[in-house]
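Assemble chain D onto chain Z, guided by the hints.
Okay, here's what each chain looks like letter by letter:
Number of protein chains: 2
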Amino acid sequence: MPGTRCSEKYISHAKEPVISTAPSPRTSFQTHPTRYKHWRLRCEGELATLTMAVQASGGERPGYELKLNSYDLSVDIELADAAQRLVFEHPEVRCVVLTGALERVFCAGANIGMLATSTHAFKVNFCKYTNETRLYLEDASACGGKRFLAALNGTASGGGYELALACDRILLVDDRSSAVSFPELPLLGVLPGTGGLTRVSDKRKVRKDRADVFASVAEGVKGKRAVEWNLVDALAPLSKWKEEVARHAAELAREVVPRTGKGVELASVECAREGEHWKYTHVAVAFERAVRTARLTLTLPSQTGPKDAAAARAAGSGWWLFQLFRELDDALVNLRFHEPEIGLVLVRVVGDPAVALAADAVLTSTSDWFVREVAHYVKRVLKRVENTAKSFYAVADAGSAFAGTFLELFLACDRSYLLADDAARVTLGVSGVHAGLYPMANGLTRLQTRFLAEPRRVQDVLAHAGRTFEASTADELGLATFAPDALDWDDELRLAVEERASFSPDALTGMEQNVRPCGPETMETKIFGRLSAWQNWIFQRPNAVGEKGALKCYGTPLRPEFDFRRT
Amino acid sequence: MPGTRCSEKYISHAKEPVISTAPSPRTSFQTHPTRYKHWRLRCEGELATLTMAVQASGGERPGYELKLNSYDLSVDIELADAAQRLVFEHPEVRCVVLTGALERVFCAGANIGMLATSTHAFKVNFCKYTNETRLYLEDASACGGKRFLAALNGTASGGGYELALACDRILLVDDRSSAVSFPELPLLGVLPGTGGLTRVSDKRKVRKDRADVFASVAEGVKGKRAVEWNLVDALAPLSKWKEEVARHAAELAREVVPRTGKGVELASVECAREGEHWKYTHVAVAFERAVRTARLTLTLPSQTGPKDAAAARAAGSGWWLFQLFRELDDALVNLRFHEPEIGLVLVRVVGDPAVALAADAVLTSTSDWFVREVAHYVKRVLKRVENTAKSFYAVADAGSAFAGTFLELFLACDRSYLLADDAARVTLGVSGVHAGLYPMANGLTRLQTRFLAEPRRVQDVLAHAGRTFEASTADELGLATFAPDALDWDDELRLAVEERASFSPDALTGMEQNVRPCGPETMETKIFGRLSAWQNWIFQRPNAVGEKGALKCYGTPLRPEFDFRRT
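Top to bottom, those sequences are chains Z and D. Every letter in the first sequence is one number past the one before it in the numbering used here, and letter 296, counting from 1, is 329. Every letter in the second sequence is one number past the one before it in the numbering used here, and letter 297, counting from 1, is 330.
Keep in mind that the hints were calculated from the coordinates and are not lab data. Just to be clear, a hint being listed does not mean it is correct.
The list cannot tell twin chains apart, which means a pair is met if one copy fits it or any two copies do.
Said to hold, decoys possible - Computed list of lysine to aspartate or glutamate pairs in EDC-like fashion (alpha-carbon distance at most 20 angstroms, straight line):
(1) Lys257 x Glu509
(2) Lys312 x Asp363
(3) Lys236 x Glu487
(4) Lys295 x Glu77
(5) Lys236 x Glu276
These numbers were taken from a predicted model, which means no experiment stands behind them.
The shape of chain Z in the complex, shown without the other chains (with noise of 0.2 angstroms):
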């Protein structure tokens, strides 16, 4: 590989790959600034600094270094953290700058010793989480509540770059040797994973070539030329770095309205894991092991909650809808991470309906800032269900309240079972929330997704914004895949579990990738269903992962041996 070699420096790896079923014993995904081992961060007024600082040893699991600011799942989950914490407990903050605290390197993107020693579903579940987070970031920045600087105070490789790319601006210390860089074509046999190229070719409208040739250049590209070719917006010579910086955050911050009022303080999410029980405060995941099934149960409370949004904001992360969307939000966290074998979640709602559109009403009623955050924090929940490879079928029977929010829930499912029976009291109900609070990935509401040939049915569903309803009408509006009577109810819900049991997981992945998403694609649906299927394909061929596989030779003494047949 002709000019690749000088870069290697940049990629650390560990020396001993062993295989181990990562991640380690049980990951938690909850953690708090006082606890972070590898980011600082600190505000100042309008302006926050995250600096990467990542700590070698800190790593998930035992086997690899996390040298030259390389990352693991746990950089990720603390970073995750702080772009919530930035988001909800400091309004104030209207531009945050990512750096790194190393010198000569931003980060050296994700960790190859990690990606050698893992399974092939680790891997694929942690480009997934790592891709979310930068989408939150993204999306932060969409819903008006900040603005991400990337000062690269060096090269930024792979994962490294992606982050930056998730960044509103980039900018590149001009040095004469920090790059931004992929070297994943030519040093790994894989593709940058987190996103990248979708972000290279679709978000900063690089030309195909020069993707293709910054694709192929382990080394990357610096200077001018990554300024001429979008990779980064600006440069700054070392000597002006802090000043430039500083110039950059501002601008940033000022295309922010500034919020008002004081942060909200988010209280840890607890769960207490019995047996094949994971209780949370308003949910709960029950497993059925021999048809490979969680029973996912979201509970209301008995009580209408706030009533307008400063009583929300009184509330704060105890507002009871917050916190059940982070409970279940940590809950589809870890069935991905520590459920493999798990393939079908039952989502059950219990309670009153009427709280759920009380709730609703508060959401839909204000531009309070922290009423719309939670908005958002429930609109990215919903699309991580969507995103999970697992089935999802929701299961409305008596007691159960998919109303409004919970609908979408309902809506967010492969599919919906729907006990309808003039014995059975089943209470559904719409809200204003449908008409465009919760937006897909793919741009739009799930009932315009859901009725693509038939959009007058949009109309039909939202006519009954703020009133609940019967299972019939439920049915006729087109709501359920299948509306069984009492007498079949216990049979068709068996077989259906059964069958989804039998099919493979790998086939089923991959149609509900293809079904969920339909109807228009964004970078988002590109980025999970076209990026992440081929990196999917790529991570399991011996080109990659084989013996003699570039991902496992990397970093040994061994050249890697491929199979040339182009596929």
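Frame of chain Z; chain D shown alone:
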């Protein structure tokens, strides 16, 4: 798998699977209705009937029987030929009826024995070719020449239903047993591989929960539910089958503006293969196997060809431009299927750029159906370049003629190398074709796609329409990736070729599939970029192709054994 076995009768399979390096010694992609083994083509006035009557023993290679109208590549090569001949040789035909010659089964889809005994690369190439043929039918409809009616006289399974989905209208016999179905997921652990899920979701806009159910039920959906779910357009009882087919065909035919004049017969495309050289009339391929590279040379004629539509029609398939692109198309599919180790194609166009611009003047100045269809043909071949899993570098040096239509080919390549040296005469040229005659799969022109970030550059290039210019101007217009001078030329090109040859072929395919079709997504880009990527992944997974995988066990007494971890 409850409730799935009854449909197995519609899927044929080999009893003794033997892996071979498919296809057989050398597949020819050239055929003629007089030599069809699997289809009967009958034209009667404005209607044509294409009847599928697959010869069970007539497969591409031994080892499987094409029972129940199941198909392999040989069946699809004939279908592609028939579609082309209908367009060019039968302008009087306004509606094509696709139907089957068997009772109770229209088509059982791709032959499972063939798939189970094929290499991964062949399966992927086969699916891609078949998809391109489906898109050809849709393009022929979209371009106004023909409508297609799928007259399903029996069950259409898997690829059989996918073929129907490519038609404008689907009529299903209502005989209490005939259904449309995707049995791949439940029975084979793979996906419908030729665009099916995308067409169900995005073309027919079937609700995602219904698409999920449909893809899970091996016996498929029939009767009223098939219409209600929009899987088919109409039903007809056996007693009225002929009348209903005729009625729907006549209705579709009326949507097409009649075309005048005689058809244009397609002469056979001939290629002489000698050692490391393929020689057509205008196209030549030479191999440099040490660097896994093919040199593809297109030679323009020395004389300007037809000057108007009448002359072009008189020249027919001998019109040099048409013949050149038919030869290029044949070279591309041969490179795909017969030269898997070739990873890079160096593209040169040799001749007088004025000859190319003269042909473009004919293409862009007439509404003559034949000339328009030639342009559509060129459009499809250019897309086939972009859809080939090999890298393409355009090489513009002295004597080259990348002008107009051939500049589109230049832009279709992954990179372009332009000799920019005062001592060398390198001429390029722009014509009216760049403004929209050859949209890419993403629906944009190649200039629009190239300059997504700088749309004004599109106009800068178009302002040169009808003119040729030197390399320096081409470079200023942003048309080239690299423009070295004579001193650096040889080294730079040699290094570029060697570098490409050293990379992981899988990572290259994945990279190209992500940066080539940037910008908007369409059904077409989704089929190739998203659905195919997932299928590629699934085709590699042990759950499908391992010793106990579903694809391997199908048709044997063995039950597949899955690793149920979801990824």
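Now the hints, each set against the structure:
When the C-alpha separation of Lys257 and Glu509 is checked against a cutoff of 20 angstroms, the pair qualifies only between copies, where the shortest distance is 17 angstroms, while the shortest distance within a copy is 61 angstroms. Only within a single protomer do Lys312 and Asp363 lie at most 20 angstroms apart by alpha-carbon distance; the minimum there is 11 angstroms, versus 62 angstroms between protomers. With identical chains, the CA atoms of Lys236 and Glu487 are at most 20 angstroms apart between copies only, with a shortest distance of 13 angstroms across copies and 32 angstroms within one. For a Cα distance limit of 20 angstroms, the shortest separation of Lys295 from Glu77 inside one copy, 15 angstroms, qualifies, whereas the shortest one across copies, 79 angstroms, does not.
In this assembly of identical chains, the alpha carbons of Lys236 and Glu276 never lie at most 20 angstroms apart, being 27 angstroms within a copy and 53 angstroms across copies at closest.
The earlier numbered hint that this structure contradicts is number 5, and it is the only one.
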